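Protein chains: 4
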Amino acid sequence: MPLNEGDPVVIWIDPKRAYISKLERGKRLDTDKGAIFYDNLIGLEYGSSLTLQTGAKAYLLKPTIQDLYSKGLKRPSQVLYPKDIGYILTTLSLNQVKTVIEAGTGSGFLTISLALSLSENAKIYTYDVREDMQKVAKFNANVLGVQDKIVFKLKDIREGIDEKEADAIFLDMPDPWNAIPKLYEPLKPSSTIIVFVPTVNQIEKTYFAMKNSGIIDIHVEELILREYQVKENAVRPRNIGIMHTGFIIRGRKSI
Amino acid sequence: MPLNEGDPVVIWIDPKRAYISKLERGKRLDTDKGAIFYDNLIGLEYGSSLTLQTGAKAYLLKPTIQDLYSKGLKRPSQVLYPKDIGYILTTLSLNQVKTVIEAGTGSGFLTISLALSLSENAKIYTYDVREDMQKVAKFNANVLGVQDKIVFKLKDIREGIDEKEADAIFLDMPDPWNAIPKLYEPLKPSSTIIVFVPTVNQIEKTYFAMKNSGIIDIHVEELILREYQVKENAVRPRNIGIMHTGFIIRGRKSI
Amino acid sequence: MPLNEGDPVVIWIDPKRAYISKLERGKRLDTDKGAIFYDNLIGLEYGSSLTLQTGAKAYLLKPTIQDLYSKGLKRPSQVLYPKDIGYILTTLSLNQVKTVIEAGTGSGFLTISLALSLSENAKIYTYDVREDMQKVAKFNANVLGVQDKIVFKLKDIREGIDEKEADAIFLDMPDPWNAIPKLYEPLKPSSTIIVFVPTVNQIEKTYFAMKNSGIIDIHVEELILREYQVKENAVRPRNIGIMHTGFIIRGRKSI
Amino acid sequence: MPLNEGDPVVIWIDPKRAYISKLERGKRLDTDKGAIFYDNLIGLEYGSSLTLQTGAKAYLLKPTIQDLYSKGLKRPSQVLYPKDIGYILTTLSLNQVKTVIEAGTGSGFLTISLALSLSENAKIYTYDVREDMQKVAKFNANVLGVQDKIVFKLKDIREGIDEKEADAIFLDMPDPWNAIPKLYEPLKPSSTIIVFVPTVNQIEKTYFAMKNSGIIDIHVEELILREYQVKENAVRPRNIGIMHTGFIIRGRKSI
Numbered sequence: 465m466p467l468n469e470g471d472p473v474v475i476w477i478d479p480k481r482a483y484i485s486k487l488e489r490g491k492r493l494d495t496d497k498g499a500i501f502y503d504n505l506i507g508l509e510y511g512s513s514l515t516l517q518t519g520a521k522a523y524l525l526k527p528t529i530q531d532l533y534s535k536g537l538k539r540p541s542q543v544l545y546p547k548d549i550g551y552i553l554t555t556l557s558l559n560q561v562k563t564v565i566e567a568g569t570g571s572g573f574l575t576i577s578l579a580l581s582l583s584e585n586a587k588i589y590t591y592d593v594r595e596d597m598q599k600v601a602k603f604n605a606n607v608l609g610v611q612d613k614i615v616f617k618l619k620d621i622r623e624g625i626d627e628k629e630a631d632a633i634f635l636d637m638p639d640p641w642n643a644i645p646k647l648y649e650p651l652k653p654s655s656t657i658i659v660f661v662p663t664v665n666q667i668e669k670t671y672f673a674m675k676n677s678g679i680i681d682i683h684v685e686e687l688i689l690r691e692y693q694v695k696e697n698a699v700r701p702r703n704i705g706i707m708h709t710g711f712i713i714r715g716r717k718s719i
Numbered sequence: 465m466p467l468n469e470g471d472p473v474v475i476w477i478d479p480k481r482a483y484i485s486k487l488e489r490g491k492r493l494d495t496d497k498g499a500i501f502y503d504n505l506i507g508l509e510y511g512s513s514l515t516l517q518t519g520a521k522a523y524l525l526k527p528t529i530q531d532l533y534s535k536g537l538k539r540p541s542q543v544l545y546p547k548d549i550g551y552i553l554t555t556l557s558l559n560q561v562k563t564v565i566e567a568g569t570g571s572g573f574l575t576i577s578l579a580l581s582l583s584e585n586a587k588i589y590t591y592d593v594r595e596d597m598q599k600v601a602k603f604n605a606n607v608l609g610v611q612d613k614i615v616f617k618l619k620d621i622r623e624g625i626d627e628k629e630a631d632a633i634f635l636d637m638p639d640p641w642n643a644i645p646k647l648y649e650p651l652k653p654s655s656t657i658i659v660f661v662p663t664v665n666q667i668e669k670t671y672f673a674m675k676n677s678g679i680i681d682i683h684v685e686e687l688i689l690r691e692y693q694v695k696e697n698a699v700r701p702r703n704i705g706i707m708h709t710g711f712i713i714r715g716r717k718s719i
Numbered sequence: 465m466p467l468n469e470g471d472p473v474v475i476w477i478d479p480k481r482a483y484i485s486k487l488e489r490g491k492r493l494d495t496d497k498g499a500i501f502y503d504n505l506i507g508l509e510y511g512s513s514l515t516l517q518t519g520a521k522a523y524l525l526k527p528t529i530q531d532l533y534s535k536g537l538k539r540p541s542q543v544l545y546p547k548d549i550g551y552i553l554t555t556l557s558l559n560q561v562k563t564v565i566e567a568g569t570g571s572g573f574l575t576i577s578l579a580l581s582l583s584e585n586a587k588i589y590t591y592d593v594r595e596d597m598q599k600v601a602k603f604n605a606n607v608l609g610v611q612d613k614i615v616f617k618l619k620d621i622r623e624g625i626d627e628k629e630a631d632a633i634f635l636d637m638p639d640p641w642n643a644i645p646k647l648y649e650p651l652k653p654s655s656t657i658i659v660f661v662p663t664v665n666q667i668e669k670t671y672f673a674m675k676n677s678g679i680i681d682i683h684v685e686e687l688i689l690r691e692y693q694v695k696e697n698a699v700r701p702r703n704i705g706i707m708h709t710g711f712i713i714r715g716r717k718s719i
Numbered sequence: 465m466p467l468n469e470g471d472p473v474v475i476w477i478d479p480k481r482a483y484i485s486k487l488e489r490g491k492r493l494d495t496d497k498g499a500i501f502y503d504n505l506i507g508l509e510y511g512s513s514l515t516l517q518t519g520a521k522a523y524l525l526k527p528t529i530q531d532l533y534s535k536g537l538k539r540p541s542q543v544l545y546p547k548d549i550g551y552i553l554t555t556l557s558l559n560q561v562k563t564v565i566e567a568g569t570g571s572g573f574l575t576i577s578l579a580l581s582l583s584e585n586a587k588i589y590t591y592d593v594r595e596d597m598q599k600v601a602k603f604n605a606n607v608l609g610v611q612d613k614i615v616f617k618l619k620d621i622r623e624g625i626d627e628k629e630a631d632a633i634f635l636d637m638p639d640p641w642n643a644i645p646k647l648y649e650p651l652k653p654s655s656t657i658i659v660f661v662p663t664v665n666q667i668e669k670t671y672f673a674m675k676n677s678g679i680i681d682i683h684v685e686e687l688i689l690r691e692y693q694v695k696e697n698a699v700r701p702r703n704i705g706i707m708h709t710g711f712i713i714r715g716r717k718s719i
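Protein chains in written order, with our numbering: chain A, 465 to 719; chain B, 465 to 719; chain C, 465 to 719; chain D, 465 to 719.
In isolation and in its complexed conformation, chain A is listed as follows (with noise of 0.2 Å):
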């Protein structure tokens, strides 16, 4: 299918140089290995590449949760990265999941995620009392063209929601333990919660919030992902990495 104006594109160089973003005519993207004019790209499939006046091939691909990390989209705060997001995937039978409530906002990368995971039919509602932020995740749910799944609410999750029914809850805020109680109500028995939290001092109050509100099967784990690289003859671990984004804590609802 050829790429339309409006659709979502990685313009991708070599692993430094990856740009995400949404074909407009008229627009350019200028990098060091030449420029690149949109007006060209449209009519193109995704997996198609051109050559740059330096020779270096730009391949246009179809953005996955992957591509969120390239250029292009904003970033004002700390995301989860794709390793965390995964693990959080596999806590949902995805394709059953119709009503997903997350807070807080933040640039909106796991917000971005879901609606790129859930069937149709899905929406996210994404709390965030910070007015800025949800700009910014409204901006890069734009560039990702999954806008329509998306519900923004501008509103203190710590008052609870207004969803009756959520098959899933993802919090990423400094005190998920002053909202854990009032959420509990409206998660769907048997369904999902999940915490993520930068430090180990979020950890024991996050897991006894939910422990106390009725929560079950809860985990505390972490990922670490180590990347390796490879020459012919050397391969090895990368040398500097990413050691630490956060603890992921889960657990589902008993009646």
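Just so you know, the hints here were simulated from the structure itself, not pulled from any lab data. Just so you know, these numbers come straight off a predicted model, no measurement behind them. You may find that some hints are simply not true.
Derived DEER-like restraints, expressed as beta-carbon distance ranges [claimed, not checked]:
(1) Phe672/B x Asp496/D: 27 to 35 Å
(2) Ile506/D x Lys646/C: 30 to 38 Å
(3) Leu514/D x Glu469/C: 30 to 38 Å
(4) Glu696/C x Phe672/B: 15 to 23 Å
(5) Pro638/D x Gly678/A: 56 to 64 Å
(6) Glu696/C x Glu488/B: 33 to 41 Å
(7) Thr495/C x Asp639/A: 55 to 63 Å
(8) Lys646/C x Gly498/B: 48 to 56 Å
Below are the DSBU-like pairs computed for lysine-lysine, each with C-alpha atoms no more than 35 Å apart in a straight line [as the list claims (entries may be wrong)]:
(9) Lys646/A x Lys521/B
(10) Lys480/A x Lys599/B
(11) Lys669/B x Lys599/B
Computed footprint of chain D on chain A; a stretch qualifies when at least three of its residues, placed anywhere within it, have a C-beta under 8 Å from a C-beta of chain D [claimed, not checked]:
(12) 622 to 634
(13) 662 to 674
(14) 691 to 699
The beta carbon of each residue, even a glycine, is placed where N, CA and C say it ideally should be.
Keeping the supplied structure of chain A fixed, place chains B, C and D upon it in accordance with the hints.
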């Protein structure tokens, strides 16, 4: 919604006593915490619990990818773990994926995970040369009730596949480099190929088989999951854990 | 040099059959690979081997810190592992260290490791309130033949120490913050204090107890050891391993 | 004991401003926190501090292995890190080691670490084919004042060594398997040989070169160091860190 005969269910007593199965009249599950008669479960809802003879509570939960590792499914071969499956899911725009190719079938844990994640009209085509393995995977898929989304192919994927257009290809086999060249053609442009290998020796061959076939944006990665135990005023990583499952090698097709 | 009665020796058959003990006339070691009569070992050299009834070979090795984890020593309490002990050694200029303070004694593994590492005229003063523990540690030190370098003190280190000048202080106890203020004075300027704690909850209290006492250059670290198994054309990290022992908090005294 | 001209010292302002050097009259160190005149340091003690023009304090510390990574030493090549050096130390009964062989010399960090650890009458014989490297190592050893314990040999270790009896051998070179067979003879029975390699490709060749030479109790291991940052009520692993330095392969000689 009340549970019916045939519904998949996780009977969860505690982390070491979690059993996944299909609700069948007349069946019973014996545990050291008491017996559970399936006839009593029909009509209950996911999330509800019953009290066993010993006073222990058994909760009925709706299965997710995380539950595949409970007791009740068959595991004759090494399986992918949720951490790896979740990461695989981040390389796809799940809601747009229709056709997925996989080899080998193994115990069917990745097959089932994809079936739980992909939208209604998607299909997973899973190749294996061992009929006994596919029997195991069929049994497991049937427990989860996802058999209709899976097409089992008793065939050596190194000889190519029957499907003309694949949205994604996953290989978990000893010599993926012998299959990759044949699979390049049916993989849709911009779509993902992922290989999972347990040894470091397999990394380089797989990487260059991908690269030489025209795959771009290749990454070699590994995920380490760390579990934490939480007691009051005593939070710590668990002493013993799984240090290694395998390496994930992923890339995308360029035209 | 031929082995004499009283010499410490590791009898190594394979990684799972390694026994550390003191050579004693008349003693025998029974293993499923055959019996070993110590009388036959006296006069042999470190590195030599004998063939057992089953054909298996038993090697005589000179003990190192790594061997403390062989069978033969007593381990009633959690012990420090070589990875942690080694890191502790890097914080000292070992050959100049004369007086080391340690609490608690525990099984004496760190005590013995220091005795194996420090030069002839150095002494380790090890404090513990439990006499049973110190008996265990004495037994272990005696097996290794290092008892002369160790002074056992049955005393609560939280009440201070008798020694006036310490080149290093190591604490492996539940509440190190209750001992640190008392230990600052006898620690020689520029010398190291190291604390080992298993839980995340203990990190912050220890850190600030050090900082508030005048300790500088404080680091909180943790070491993860990954073992690899090697077969021809199949090298891989071991699947199961030790994910956590404890956190190391180290700093130096300023005047 | 007051510091004299020629003494090694670490001038520590904060973790990013730590400088290792030899006290020399007339020398000065310029930092963005203020200048330090070495003439003022002579006569002070380790652990004491001076206040700089900006009000920052500079502490004088006695160098340990941990300090080799401060500024002030030369590092033209990859170096072993304290975590790896410490682990190497646990494979020796340090206080009994007299003769250690090492190749390549590199920046001399392992050489110096051994010199700081081994007792007075021990010697380290360090082999390298590159004279420029040995110059760097000599410079570094001189800063630490340990040059008398080191014998520099400008020679290819693959052709064998001059020493008849080695208590330990360490190899950090591209093709250790070409040196191992020649080094088996001079290694004392029961003594340790350790090889450090950065790539996974080197593991298998090294392992089998050891095994085929008669080395027993071979282990392949890797250490990952995780640093934590501590703020009040906010303890967490650092986000970015060193994910990989190399693999340690160790074994012992049997007769």
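Results for each hint:
1. Phe672/B x Asp496/D: 27 to 35 Å: Cβ of Phe672/B to Cβ of Asp496/D: about 48 Å, so the range 27 to 35 Å is violated.
2. Ile506/D x Lys646/C: 30 to 38 Å: With a Cβ separation near 33 Å, Ile506/D and Lys646/C satisfy 30 to 38 Å, so the hint holds.
3. Leu514/D x Glu469/C: 30 to 38 Å: At roughly 57 Å between Cβ atoms, Glu469/C and Leu514/D fall outside 30 to 38 Å, so the hint is violated.
4. Glu696/C x Phe672/B: 15 to 23 Å: At roughly 21 Å between Cβ atoms, Phe672/B and Glu696/C fall inside 15 to 23 Å, so the hint holds.
5. Pro638/D x Gly678/A: 56 to 64 Å: holds (60 Å)
6. Glu696/C x Glu488/B: 33 to 41 Å: violated (48 Å)
7. Thr495/C x Asp639/A: 55 to 63 Å: holds (57 Å)
8. Lys646/C x Gly498/B: 48 to 56 Å: Given a distance of about 54 Å, which is inside 48 to 56 Å, the answer is holds.
9. Lys646/A x Lys521/B: holds (25 Å)
10. Lys480/A x Lys599/B: Given pair Lys480/A, Lys599/B is violated - Cα atoms ~45 Å apart, limit 35 Å.
11. Lys669/B x Lys599/B: Holds, at roughly 31 Å.
12. 622 to 634: violated (count 0)
13. 662 to 674: holds (count 4)
14. 691 to 699: Since three or more residues must qualify, the claim that chain D covers the segment 691 to 699 of chain A holds, with 4 doing so at under 8 Å.
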